[in-house]
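Asks: Model the full structure from these sequences, guided by the hints.
Protein chains: 2
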Amino acid sequence: MQLHTVSQLLSQEITLPEVEVKGWVRTFRANRFIALNDGSTLNNIQCVVDFENTDDAILKRINTGAALHIKGELVESQGKGQKVEIIVSSIEILGDSDAETFPIQPKKHSFEFLRENAHLRTRTNTFSAVMRLRSALSFAIHKYFNENGFYYMHAPIITGSDAEGAGEMFRVSNLDAKNPPLNEEGEVDFSKDFFGKETNLTVSGQLEAEAYAMSLSKVYTFGPTFRAENSNTSRHLAEFWMIEPEVAFMDLAGNMDLAEDFMKSVITYVLENNREDLEFLDKRLQDEEKTKPQAQRSDMTLIEKLKFVTENNFKRVSYTEAIDILRNSKPNKKKKFKYIINEWGADLQSEHERFLVEKHFKCPVILFDYPANIKAFYMRLNEDGKTVRAMDILFPGIGEIVGGSQREERLEVLKEKMKALDIDEKELWWYLDLRKYGTAVHSGFGLGFERLVMFATGMGNIRDVIPFPRTPQNADF
Amino acid sequence: MQLHTVSQLLSQEITLPEVEVKGWVRTFRANRFIALNDGSTLNNIQCVVDFENTDDAILKRINTGAALHIKGELVESQGKGQKVEIIVSSIEILGDSDAETFPIQPKKHSFEFLRENAHLRTRTNTFSAVMRLRSALSFAIHKYFNENGFYYMHAPIITGSDAEGAGEMFRVSNLDAKNPPLNEEGEVDFSKDFFGKETNLTVSGQLEAEAYAMSLSKVYTFGPTFRAENSNTSRHLAEFWMIEPEVAFMDLAGNMDLAEDFMKSVITYVLENNREDLEFLDKRLQDEEKTKPQAQRSDMTLIEKLKFVTENNFKRVSYTEAIDILRNSKPNKKKKFKYIINEWGADLQSEHERFLVEKHFKCPVILFDYPANIKAFYMRLNEDGKTVRAMDILFPGIGEIVGGSQREERLEVLKEKMKALDIDEKELWWYLDLRKYGTAVHSGFGLGFERLVMFATGMGNIRDVIPFPRTPQNADF
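Line by line, the protein sequences give chains W and U.
Note that our numbering gives residue 283 to position 283 of the first sequence, counting from 1, and the numbers run on in steps of one.
Note that our numbering gives residue 277 to position 277 of the second sequence, counting from 1, and the numbers run on in steps of one.
These are computed hints drawn from the structure, not numbers from a lab.
Predicted, not measured: the structure shown is a model, and the values here were computed from it.
Any given hint might turn out to be false.
Copies of one chain are not kept apart here, so a pair can be met inside one copy or by any two copies together.
[Claimed, not checked] Calculated lysine to aspartate or glutamate pairs in the EDC-like style (CA-CA distance at most 20 Å, straight line):
| id | residue 1 | residue 2 |
| --- | --- | --- |
| 1 | Lys178 | Glu198 |
| 2 | Lys192 | Asp176 |
| 3 | Lys197 | Asp176 |
| 4 | Lys83 | Glu416 |
| 5 | Lys426 | Glu116 |
| 6 | Lys178 | Asp189 |
| 7 | Lys436 | Glu168 |
| 8 | Lys143 | Glu272 |
| 9 | Lys192 | Asp476 |
| 10 | Lys71 | Asp56 |
| 11 | Lys108 | Glu229 |
| 12 | Lys436 | Asp96 |
| 13 | Lys197 | Glu229 |
| 14 | Lys375 | Asp433 |
| 15 | Lys436 | Glu18 |
| 16 | Lys197 | Glu168 |
| 17 | Lys338 | Asp282 |
| 18 | Lys60 | Asp324 |
| 19 | Lys436 | Asp98 |
| 20 | Lys192 | Glu229 |
Replies: As structure tokens, this is what we get:
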């Protein structure tokens, strides 16, 4: 007898006289029908118990959450809702589950409650589907880059530099927390710390990825990044994963081509490989939408949104054009936007980005050539002296999902930029070296992985798309 | 005209009248032959310059490290050492490189010097080969697990728990470093810290992976882990990457099967896909070995070591048997071991592990059923009450490369273990929940990724197999 996964059994075209499966009870009804799940698929295998010939002591232990080892015959199902089912010949209780205290009852739980039980929440349909999709998206990302000649590089997590300035950082230390050693000036003496200087958790691997791009040509990072920002919102995490490709000899136009192709490719992958999970989450989202006032509902279902990305060309629009469109738009004139767009130079908010995608262009949008002063120091200055070769990709429902740029490859221009922003050249001596020795046009972008998982699953809270979320006041598990 | 990578050009079977390539100069000799590399392959493309018809000002700028854009005709090479070469029709200098100051001169540099220039070291053959292999091994790992029904899970990096006890941890904080808030007892008040409690960088994602295995059945982590140990050796990093699969319903024997199949699969992948880089590193290692005294040289070349793993069955030996073998071995009797094995219960050192693999069994070895008191609290206690279902995989040249176990699935036994070791149940309430609700036999292992990269590249210092190593007193770049 061979141990099968639930997924293997459900895809059987023929009946099998002897099968064996292990999993957890989702429901047990009528003292007869066990819905068993092992995480290999969204769906449960129905196991039909001959209750008249089964020990009562066993039947009583078939509770939601219990782990079972079941043997039996795989047959065509007589009931509806499943093609096959197991006629049980033997049940072994591997692990009991107290029906009174098991937190994951067979009913609808609030996501907040499930966050408090993040160690058990993948025993629900929603979270197992989300985490299978998260895994599939990860694989699709590695597969895409591998097939396109990129090398995966692990950027450092602990960094001695705070030059990127992307946000507040977490300090990493093993000095005595209460009585740190002080130097002659009476300040904390980080020269006595583990790394001999003050260190933080990285906010981005981009600068290091640039070093690798300037020798291996095409590289990408996929690793954790951190922000010590006290933002208790449904869109912020203190710890999240980021993908950052970086390519030598590629300009901004090439960067847009790459980002569009990449996004379409990974979303196509899950449309092709995770259909059941997507259909379940699509349905879940539709049910959730129904509880909202009409005006707040999405025009598109989850799967429609994914196809909106894979089936449309991304419209490329300069920041300057976008400002014109927004300034003259109805919601701007009627003051329906929370932030009214008055002049060139304004930073766009999610409401503006979504208007461009959902109402104006009706396709994903790539904005480019942003004002230099709202973008990072390393972005390539245009000839106009006031815009940089930045680009943001805007998606429906979510606004910005990708941000990237061509990088400033000219040593003198980069130095001036750093000087103006008070970034110490000594701190980034190695980054400047890349412009001293064989500099070249190069570009890249960053994708917050959890933003992608939210988009692909339709989940509304970022805490629900990462296994164990880290947020202000919360580092449980 | 189409831009090609060096790798594409070198694999051309036909001549091409018009090609275009961008890359960095490795060498320029006789004012005529440029060796150009773009990281897409170990090998350079030879670009033949018609120096008599090329501006002298350009010729003088073709220095090692400069970035060039070259156009020309791809022809069969007249010289030896390459099949094809480019007859250059135009050269554009994209980025100069000062021949006087460029650190990576076309000569042999010490690895120590290259570590100080880690941002440029992938412009050498050795480090570009190592990092391509590192990338390929990463992909092979994801591919293996994806094809075998595993889900990738991202375990948290910042953790509020220090229960695993695998080593010293780094504190993560954004309290004021000099004057942290104190509580009524005069101790640092971590309740005022970002996460509302003391937090550290993770030493392992295993416990969280167990939670996911107990719902999704087959999962793995692949992420950074940390040790704040002041070990300035060639085998320790403060920040390194670890792979930790975890599987429900799998016992120790299944764990050994999985680990053996996995290791063979990823090494086979690079043998099949990275032959050029491996052959280069094989040669490098042989050259290095020649500088050592005969007695310290390895019996096997790099590629022989890899095939030693893929072509041999891993011998499974209990710890108890191994102790007997070691106790009666020649080096033990003749006191050639640094640590003499006298009795059962001794922790094995690398010298013992290597003896078993290289001299005694002459194949990779899996040791299992270790004394409980030298292994972690979560390992499954055997019926003898003194050994646990642990396993270590031993490889030639390196000793232990994988460590794993069947996990203690029995709530009461686990609680006793924790009590004996003074591990607070409240700290691991969620881990205990996994044993309360549908517990089952489950197992997993950990593989230090850099140990694997060292093994597969033949590099002797762990700092040379990770892009930007973090070690005591060093968090540069």
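Asks: Can you name, in rising order, the numbers of the hints this structure does not satisfy?
Replies: 4, 7, 11, 14, 15, 17 and 18
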